[in-house]
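A.B. asks: Turn these sequences into a full structure, and let the hints steer you where they fit.
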Amino acid sequence: MPKMNMVQAINSAMATMMEKDPKVVVFGEDVGYFGGVFRATEHLQAKFGVNRCFDAPITEGGIVAAAIGMGAYGLRPVVEVQFADYIYPAMDQLVSEAARLRYRSAGEYYAPMVVRSPYGGGIYGGQTHSQSPESLFTHVVGLKTVIPSTPYDAKGLLIASIEDDDPVIFLEPKRLYTGPFSGHSDEGVKAWASFPASEVPEGYYSIPLGKAAIVRPGQAVTVICYGTMVHVSMAAVQETGIDAEVIDLRSLVPLDIDTIVESVRKTGRCVVVHEATRTSGYGAELSALIQEHCFYHLEAPIERVTGYDTPYPHAFEWQYFPGPKRVAEALRRAVGA
Amino acid sequence: MPKMNMVQAINSAMATMMEKDPKVVVFGEDVGYFGGVFRATEHLQAKFGVNRCFDAPITEGGIVAAAIGMGAYGLRPVVEVQFADYIYPAMDQLVSEAARLRYRSAGEYYAPMVVRSPYGGGIYGGQTHSQSPESLFTHVVGLKTVIPSTPYDAKGLLIASIEDDDPVIFLEPKRLYTGPFSGHSDEGVKAWASFPASEVPEGYYSIPLGKAAIVRPGQAVTVICYGTMVHVSMAAVQETGIDAEVIDLRSLVPLDIDTIVESVRKTGRCVVVHEATRTSGYGAELSALIQEHCFYHLEAPIERVTGYDTPYPHAFEWQYFPGPKRVAEALRRAVGA
Amino acid sequence: MPKSGAKTDTAARRNSALQLKFPSPPARPGEEPDYSKLMMSAPGEVRRPAIDTKPDDMRDLAYALIRVMDDDGKPVGPWNTDIPVEILKKGLRNMVLTRVYDDRMYRAQRQGKTSFYIKCTGEEAISVAAALALEPDDMCFPAYRQQGLYLTREYPLLTMMGQIYSNTLDPLKGRQMPIMYSAREQSIFTISGNLTTQYPQAVGWAMASAMSGDTRIAATWVGDGSTAEGDFHYALTLAAVYHAPVILNIVNNQWAISSFHGIAGGEEAPFAARGIGYGLPALRVDGNDFLAVYAATQWAAERARANLGATVIELFTYRAEGHSTSDDPSRYRSTEEGKKWPLGDPIDRLLKHLIKRGVWSEKEHAAMEEELINLVKGTQKEAEAAGTLGQGKTASPKTMFEDVFKEPDWRQRRQRQEAGF
Amino acid sequence: MPKSGAKTDTAARRNSALQLKFPSPPARPGEEPDYSKLMMSAPGEVRRPAIDTKPDDMRDLAYALIRVMDDDGKPVGPWNTDIPVEILKKGLRNMVLTRVYDDRMYRAQRQGKTSFYIKCTGEEAISVAAALALEPDDMCFPAYRQQGLYLTREYPLLTMMGQIYSNTLDPLKGRQMPIMYSAREQSIFTISGNLTTQYPQAVGWAMASAMSGDTRIAATWVGDGSTAEGDFHYALTLAAVYHAPVILNIVNNQWAISSFHGIAGGEEAPFAARGIGYGLPALRVDGNDFLAVYAATQWAAERARANLGATVIELFTYRAEGHSTSDDPSRYRSTEEGKKWPLGDPIDRLLKHLIKRGVWSEKEHAAMEEELINLVKGTQKEAEAAGTLGQGKTASPKTMFEDVFKEPDWRQRRQRQEAGF
Ligand SMILES: Cc1ncc(C[n+]2csc(CCOP(=O)(O)OP(=O)(O)O)c2C)c(N)n1
Ligand SMILES: Cc1ncc(C[n+]2csc(CCOP(=O)(O)OP(=O)(O)O)c2C)c(N)n1
Ligand SMILES: [Mg+2]
Ligand SMILES: [Mg+2]
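Chains as they are written, first to last, in numbering that gives the first Met the number 0: chain A, 0 to 336; chain B, 0 to 336; chain C, 0 to 420; chain D, 0 to 420.
It should be emphasised that the hints constitute simulated quantities derived from the structure, not laboratory data. Bear in mind that the values here come from a model prediction, so they are computed numbers and not experimental data. Ideal Cβ positions, reconstructed from N, Cα and C, are used throughout, including at glycine. Keep in mind that the hints are not guaranteed to be accurate.
[What the hints assert, rightly or not] With the Cβ distance kept under 10 Å, some of the chain A side facing chain D (calculated, not the full set):
(1) Asp29
(2) Gly34
(3) Val36
(4) Pro56
(5) Thr58
(6) Gly60
(7) Gly61
(8) Phe82
(9) Asp84
(10) Gly106
(11) Ile122
(12) Gln218
(13) Thr278
(14) Pro312
(15) Phe315
[To be verified] To give an idea of the interface, some chain A residues facing chain B are shown, with a C-beta separation under 8 Å as derived from the structure:
(16) Glu18
(17) Val94
(18) Gln126
(19) Ser134
(20) Tyr281
(21) Gly282
(22) Glu284
(23) Gln290
(24) Phe294
(25) His296
(26) Asp308
[As the list claims (entries may be wrong)] The list that follows gives simulated cross-link-like pairs (lysine-lysine, DSSO-like), each with its CA atoms no further than 30 Å apart:
(27) C:Lys405 with C:Lys392
(28) C:Lys380 with A:Lys210
(29) D:Lys36 with C:Lys53
(30) C:Lys351 with C:Lys73
(31) B:Lys324 with C:Lys53
C.D. replies: This is how it looks when you write it as C-alpha cells:
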C-alpha cells in the first residue's frame with residue numbers, strides 16, 4: 000500500500016472523489032495552479048481541469064456562499080479556507096445559510112459541501128495561524144464537524160464528508176500534516192512513513208462520520224481527544240504508564256456518544272483534551288454530557304486539559320500548547336495517583 | 000423613582016452616559032431619526048445631535064469595524080445589531096479584532112465598545128429573529144458577554160458595559176422588553192410597572208460586571224440562569240414549591256464563579272437553564288465548571304434545560320421554548336422528587 | 000511637533016476642525032417631498048447597446064434611467080422591444096394578483112391570523128416582469144419582496160397562504176416566518192431572514208450551471224439597503240471574475256425600514272454604478288415601467304446566455320407601504336412622498352399602455368380585478384380552513400426535529416422523545 | 000416544458016452550453032512576461048483636478064495612471080508638485096533603509112533566528128512617500144507590507160527588530176508573529192493577521208476624528224487580493240456615506256501569494272474603479288514613482304482636510320520578491336516578470352531623478368547605502384544580543400496571561416498559577 004503523509008492523504012481523497020463523481024469540485028485561495036499553500040490540492044487542476052479545481056479571490060464569505068449555491072445546484076463543492084483563523088468572514092454563510100437551508104426549506108434545498116481548513120498550533124503561527132475554532136461550529140445545529148488524526152483517517156473521513164449530504168467543517172491539524180506530534184517540541188519531527196496509519200489505499204474507501212476510534216483500550220481512565228491531541232495524549236499515557244483508554248473522536252458532530260459513555264462507565268474517570276481555549280470549548284460539552292450520562296459511575300472529577308483562555312502567543316507557543324506534561328498531570332489527578 | 004420597562008431602562012442608560020461622557024456615541028441600523036425598531040434609542044438623536052447618534056448602513060461587519068476604529072480613537076461607541084441573529088457578518092471583526100486588539104498590541108490599542116443586540120425567542124420571530132448566540136462569544140477570549148433580566152439590571156449593567164474598557168456583547172432578552180415572562184405563553188403579558196425591578200433611577204448608577212445576583216435564596220438545588228430564563232426558572236420554582244436557590248448570572252464573561260460554587264456546594268444539586276440550543280451552549284461550560292469545582296458535593300447529575308438542537312421554528316415556538324414545565328421536571332429530577 | 004520627515008509648518012498647514020456628512024432624506028413627516036435628486040431620463044432617451052458591448056463602453060447607463068412608456072403609456076425608444084401582448088396581459092394579471100394577495104394577507108395579519116407580513120405594493124412590475132422575461136427554469140434567488148415571482152410562476156396560491164398561516168398546508172411545516180417561501184419546483188430558492196446572503200449564492204449557482212455545461216442562468220434580488228452587506232461585494236466580485244451567468248438585481252425602493260437610500264450610499268452614486276467598479280455592465284431602470292423591466296431583464300439574460308457574464312440592474316422604484324406589518328412609516332417619512340412618486344404606479348401604467356394600444360379596456364380590467372379578488376378570497380377561505388397561526392393546526396410538532404440533518408442524529412431523536420412528540 | 004407565462008419556444012431560444020471564464024496570468028514559469036494589459040499612461044499625461052472636483056467629474060482618473068517622472072527621471076505634468084528636495088532625500092534614505100532592513104531580516108529568518116518574514120521589495124515608495132506626505136499624527140492603518148511607514152516615522156529600528164525576534168526588546172511581548180508591529184506613538188495601528196480588517200477600522204477612526212472636531216485624518220492600505228473581502232466594501236460604503244476623512248490605498252502589486260490580480264477581478268476593471276461605484280474619487284497611481292505617490296497622497300489628504308471626504312488610491316506596483324519567507328514564487332510565475340517590470344524600481348527611479356536634478360550623486364548614494372547597512376547591521380547585533388526566537392530570551396511567560404482583558408479575570412489568574420509562571 001502507498002505511504003502517505005496527511006497532506007497527501009487529503010489530496011488523494013479529493014482526487015479519488017473527483018475521479019469518481021464529476022459533481023465534486025474544489026476551489027479556494029491559491030488551491031488551483033499552485034496547489035494550495037500546504038499543497039493539499041496539488042495536481043488537481045492539472046488532472047481535472049480548471050473547471051473542477053480553481054483559484055478563488057480572497058473572500059472566505061464569498062467562497063462559502065458560492066459553494067452553497069453550487070451545492071444547491073447539485074454539485075459537491077470542497078472548498079479550502081487557508082487557515083481556520085480566517086473562517087470568521089464566512090460565519091454568517093455557514094451559520095445562517097449552509098446549516099439552515101435544509102431545515103428552512105423542509106428539505107427542498109440543502110448544501111452538500113465540505114469546508115476544509117488547517118487548524119491548530121505548533122508551527123509558530125501566532126494568534127492568527129494557530130486557532131482551533133471547532134467548538135463554535137459544534138454549537139451550530141446543521142453543521143457537522145470532523146477532525147482526523149492520521150493520514151488513513153484523513154482520507155476516509157474526507158471522502159465520507161464529501162459524500163455526506165450535509166455541510167461538513169473538516170478541520171485538519173496542520174501540525175500533523177507531515178508527521179505525528181507528541182507535543183514534545185524539542186524532539187525532532189518524525190515522518191508519517193514510519194507509522195502504520197500512513198498506509199493509505201490509493202483508491203476509494205470511507206470512514207463513517209460519527210464513529211470514534213478507540214486508539215488504545217484501557218481500564219484506568221478514559222481520555223477523549225481529537226486531532227493533534229490524540230498523539231499528545233498517547234505520549235502522556237505512555238509516559239505515565241497509566242492504563243488509559245484513549246478515544247479519538249474523529250467526528251465531533253455527529254458525536255459517538257455510545258463509545259464515550261461505555262468507556263467512562265467502565266473506567267469511572269475521564270480526561271478531555273483539546274487545544275482550543277478552555278471556556279466554552281468542546282471539552283465543556285463533552286464534560287457536561289459525560290456527567291449527565293455517567294454521573295453515578297464517576298469516581299473523580301472530569302478533567303479538562305485545554306489551551307489557556309488567552310490568544311495563542313507566538314513566542315510562547317510551547318508554554319501555551321497543552322502538551323504531554325499537562326495531560327500527564329491530569330491523568331494522574333484523575334486516577335488519584 | 001420612575002418606572003421603566005426594559006427598553007426604557009436601556010434607553011436611559013445610553014442617555015445617561017451620553018450626558019455624562021461626550022465620548023459615548025450611538026449608531027446602528029435605524030437607531031437615529033427613527034429611534035430603533037425596538038425604540039431603544041428613541042430621542043437620542045434629537046437630544047444629542049446627529050453627531051452622537053446616527054443611522055448606519057445595513058452592514059453589521061462595517062458597524063462593528065467602525066466602532067473598533069472609533070474605540071481606538073478614544074470614543075466609546077455603543078452600537079446596535081438589530082437582532083442577535085444578524086451578528087454573524089460581524090463575527091470576524093468581533094473575534095479577530097475587537098477581542099484581540101489589546102492582546103496583540105500589548106495594551107497599546109483596545110476597543111472600549113458595546114454591541115447591543117436583542118436576542119432570544121418568544122415573539123414568533125422564527126429562526127432568524129429568535130436566536131441566542133451567547134455561547135459563541137463566551138468562547139472568544141477578550142470579549143465580555145452580559146445579559147440582563149430586569150429593567151434595573153439592564154440600566155446598571157449597560158452603564159457598566161459602556162464604562163468598561165473591553166469590548167462587551169450586551170444581549171437584551173427581547174421577550175422581556177415590555178414585561179417579565181414566566182414562559183407560560185398562554186398567560187397575558189404583564190407590564191414591568193407592577194414589578195419592583197422596574198423602579199429605575201433617572202440618573203447614573205452601575206452594576207459591576209462579573210457579579211451574579213441570587214434572585215432567590217434556597218437550600219434544595221441551585222438554578223443557574225440568565226435573561227428570559229430567570230423569570231421562567233422562578234415560575235418553575237414557585238410551581239414546584241422546591242426550595243431552589245436561583246442565580247441570575249447577569250454577566251457570562253466574566254463569570255461569578257464564586258457565587259456559583261458556594262451555592263452548589265451548599266445545595267449539592269444544580270439545574271442550568273438557557274434558551275440557546277443545547278450542544279456547546281453556555282450550559283455546557285457551566286456544567287463542566289461546576290463538576291470541576293463541586294464534584295464531591297454533587298448528589299445528583301447537573302441538569303441542563305435548554306433549547307433543542309434544532310433551529311427555532313416559527314409555529315412551534317412554544318414547543319421549542321424551554322418553559323417552566325421543562326424546568327420544573329429538571330428541578331424534580333435534580334432533587335430526586 | 001512633527002517628529003519625522005514630514006513638513007514642519009504643521010500649524011499653518013493644518014486644516015480646521017473636521018466634520019462628517021450625515022445624509023438625511025429630502026422629506027421627513029410633515030414636509031414636502033422633493034424629487035429633485037432623482038436622476039431621471041426621459042422615456043425612450045437611453046440608448047440600448049448591443050449585448051456584446053464591453054462594460055467599459057456603457058458606463059453611462061448606470062447614471063441614466065431606462066424608461067419605455069411615456070406619460071401617455073406610449074412605448075418609445077430603443078428599449079421598446081415589442082413584447083407580445085399576451086405577455087403584457089399576463090404581466091398585468093399577475094401584478095394585480097400580487098397586489099390583491101398582498102392586501103388579503105396583510106389584513107389577515109392585522110386580524111391576528113398570522114405573525115407577520117410584508118407587502119410589495121408599488122414594486123409588482125419588478126418581480127412579475129422578470130419572471131416573464133426569464134425562462135421558467137432559470138433559477139431565482141429572491142429577497143422577501145418578490146412575491147410576484149411565485150405567483151407568476153404559478154406556485155399554488157393555496158400553498159403560499161399555507162406558508163403565511165403556518166398551517167397544515169404549509170410545505171415548510173411551520174418552520175419559517177411568513178413570506179419566507181421555498182419553491183423548488185418553480186426554481187425559486189428558499190428565502191433567508193438574513194439580508195443579502197442569497198446574492199453570492201446565486202452567483203455560485205450560476206457558476207455551477209456553467210461549470211456543468213447547463214443552459215440555465217440565475218437571477219437574484221436585494222434591496223437598496225441590503226447592498227451594504229459584504230455578501231453584495233462577494234457576489235459582484237465573483238460574478239465579475241468568472242463571468243458568471245447571473246443577473247444581479249438591486250431593488251432601490253428608496254427605503255430600508257426607516258433609512259432612506261442615502262444611508263446606504265445612494266446619494267453619492269446610483270446603486271447601479273456599483274457594478275462599474277467591478278467592470279460589470281450596469282443598467283438603471285424605471286422599476287415601475289413594466290416594459291422597461293422586461294426589456295432590461297431580457298437584455299441581461301441574453302448576455303448571460305451568450306457567455307458574456309453578469310449584469311447589475313438597479314430597479315428604481317418606491318416602497319409604497321410600510322416595511323412590514325411591524326412598521327409605521329409615518330414616523331419617519333412624508334406621507335406625500337409615495338403618493339406623488341413621479342414614476343407612478345406599475346399597474347396603472349401598464350393598464351394605461353394596454354388600453355392605449357386598444358388591447359384591453361377598463362371594463363375588462365374591472366372584471367379581472369373582481370375575478371382575482373374572488374379567487375384570492377376563495378382560496379383564503381380554503382387556506383384558513385386548514386388553520387391559522389396559534390390555532391395549533393400545524394404539521395406535527397415532531398417534524399420540528401426533522402431536516403436539521405438529512406438524518407436526525409441521536410440528539411434530535413432523544414430530544415424529540417423527551418419532548419413527547 | 001415551461002409551466003407558466005414565459006415564452007414557449009424555449010428550445011429555439013435556448014442558449015447552448017454555458018461556460019465560465021477562469022482568469023489566468025499572462026505568464027507562468029518559463030513563459031515570456033506580457034505587459035500588454037497594464038493600462039499605462041505617459042508620464043505627465045494625466046490631469047490633476049482641483050481638490051474640490053466632484054467625483055463624478057473625474058471618473059477617468061481611475062482608468063489612467065498618474066506618473067510624474069519620465070524615463071530620464073525628469074518630473075513632468077500637473078502632478079509634479081515641486082516637492083522640496085529635503086523631503087525627496089528623506090524619501091530616498093528611508094526607501095534604502097527599508098530595503099536594507101528587509102534584506103537583513105529576511106536573512107535572519109533564513110538563518111533560523113525567527114519564524115517568518117515579509118519583504119516589501121519594489122514597493123518601498125508606497126509607504127515612504129505616504130509617510131512623508133501625511134502629517135506625522137495622521138493615523139495609519141497598514142497591512143503587513145508597509146514597513147516603510149514605521150522607519151520613516153522613526154519607530155526605533157531596535158524595537159522593530161525586537162518584534163521580529165520576539166525577544167526581550169519586543170514591546171508586544173512575543174505575542175505577535177514577526178512583522179505585525181504596533182506603534183501607537185508613531186500613530187500606526189496594530190497589524191492584524193486577518194486581511195482587510197483594518198480598512199473599515201480606519202474609516203471608523205477617521206469618523207471619530209471628525210465627530211470629535213479633531214484635525215487628524217486617517218490612511219489605510221490593503222493589497223489587491225485583499226480587496227475581495229467584505230471589509231473592503233464596508234470601508235468604501237461608510238467612507239462614502241459619511242464623507243469620512245480617510246485615504247483608502249490599494250496596493251496592487253499584481254500578486255496575492257500565488258494568485259495574480261485577475262483572480263481578484265483586476266482584469267475586469269482597475270482596482271481604483273471600485274471607488275467609482277460608491278461615488279468616491281479614485282486615483283490610479285504609479286506606485287514605483289515616488290513623486291507620483293507623494294503628490295497623490297497629498298491631493299487626497301488635502302481633500303480630506305477640507306471636509307471633502309475620502310479618496311481611493313490604487314498604487315500600481317510589483318511584488319518583486321516572494322509573498323513571504325514561506326513562499327516560492329518560481330512555482331507559479333515567470334521569474335522574468337519582475338525583472339522586466341516596465342515601471343522600474345522605486346529607489347532607482349528616485350535616485351535618477353535626484354542625480355538628474357544635481358542634488359545627489361552616485362557617490363553620496365553609495366556612502367548613504369553603506370551607512371545604512373552599517374546602521375542596520377549594528378542594530379541587528381544589538382537586537383540579537385537580546386535574543387532570537389527559540390532561545391527563550393523573551394518577556395516573562397507570565398505576560399502571556401496579561402492584556403486579554405484590561406484586568407485578568409479569575410481564569411487567566413488561575414491558569415497562570417497552574418502553568419507555574
Ligand atoms: C443581516 C441582516 N441585518 C439586518 C436585518 C433587519 N432588516 C430586515 S429588512 C431590513 C431593511 C432592508 O432594506 P432594503 O434592503 O432596502 O429592502 P426593502 O425592505 O426596502 O425591500 C433590515 C435592516 C436583517 N434581516 N438581516
Ligand atoms: C482573512 C484572511 N484570509 C486569508 C489570509 C491568508 N493570506 C495572507 S496574505 C494573503 C495574500 C494577500 O494578497 P494581497 O492582498 O494582494 O497583498 P500582498 O501580499 O500582495 O501585499 C493571503 C491569502 C489571511 N491572512 N487572512
Ligand atoms: Mg429598500
Ligand atoms: Mg498583492
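A.B. asks: Against this structure, judge whether each hint is valid.
C.D. replies: Now for the hints, and whether the structure bears them out:
{"no.": "1", "hint": "Asp29", "verdict": "5 Å, holds"}
{"no.": "2", "hint": "Gly34", "verdict": "8 Å, holds"}
{"no.": "3", "hint": "Val36", "verdict": "7 Å, holds"}
{"no.": "4", "hint": "Pro56", "verdict": "4 Å, holds"}
{"no.": "5", "hint": "Thr58", "verdict": "4 Å, holds"}
{"no.": "6", "hint": "Gly60", "verdict": "6 Å, holds"}
{"no.": "7", "hint": "Gly61", "verdict": "7 Å, holds"}
{"no.": "8", "hint": "Phe82", "verdict": "8 Å, holds"}
{"no.": "9", "hint": "Asp84", "verdict": "7 Å, holds"}
{"no.": "10", "hint": "Gly106", "verdict": "21 Å, violated"}
{"no.": "11", "hint": "Ile122", "verdict": "8 Å, holds"}
{"no.": "12", "hint": "Gln218", "verdict": "28 Å, violated"}
{"no.": "13", "hint": "Thr278", "verdict": "7 Å, holds"}
{"no.": "14", "hint": "Pro312", "verdict": "4 Å, holds"}
{"no.": "15", "hint": "Phe315", "verdict": "5 Å, holds"}
{"no.": "16", "hint": "Glu18", "verdict": "35 Å, violated"}
{"no.": "17", "hint": "Val94", "verdict": "5 Å, holds"}
{"no.": "18", "hint": "Gln126", "verdict": "6 Å, holds"}
{"no.": "19", "hint": "Ser134", "verdict": "5 Å, holds"}
{"no.": "20", "hint": "Tyr281", "verdict": "6 Å, holds"}
{"no.": "21", "hint": "Gly282", "verdict": "7 Å, holds"}
{"no.": "22", "hint": "Glu284", "verdict": "4 Å, holds"}
{"no.": "23", "hint": "Gln290", "verdict": "5 Å, holds"}
{"no.": "24", "hint": "Phe294", "verdict": "4 Å, holds"}
{"no.": "25", "hint": "His296", "verdict": "11 Å, violated"}
{"no.": "26", "hint": "Asp308", "verdict": "5 Å, holds"}
{"no.": "27", "hint": "C:Lys405 with C:Lys392", "verdict": "25 Å, holds"}
{"no.": "28", "hint": "C:Lys380 with A:Lys210", "verdict": "51 Å, violated"}
{"no.": "29", "hint": "D:Lys36 with C:Lys53", "verdict": "15 Å, holds"}
{"no.": "30", "hint": "C:Lys351 with C:Lys73", "verdict": "9 Å, holds"}
{"no.": "31", "hint": "B:Lys324 with C:Lys53", "verdict": "66 Å, violated"}
This entry does not satisfy hints 10, 12, 16, 25, 28, 31, going by the numbered hints stated previously.
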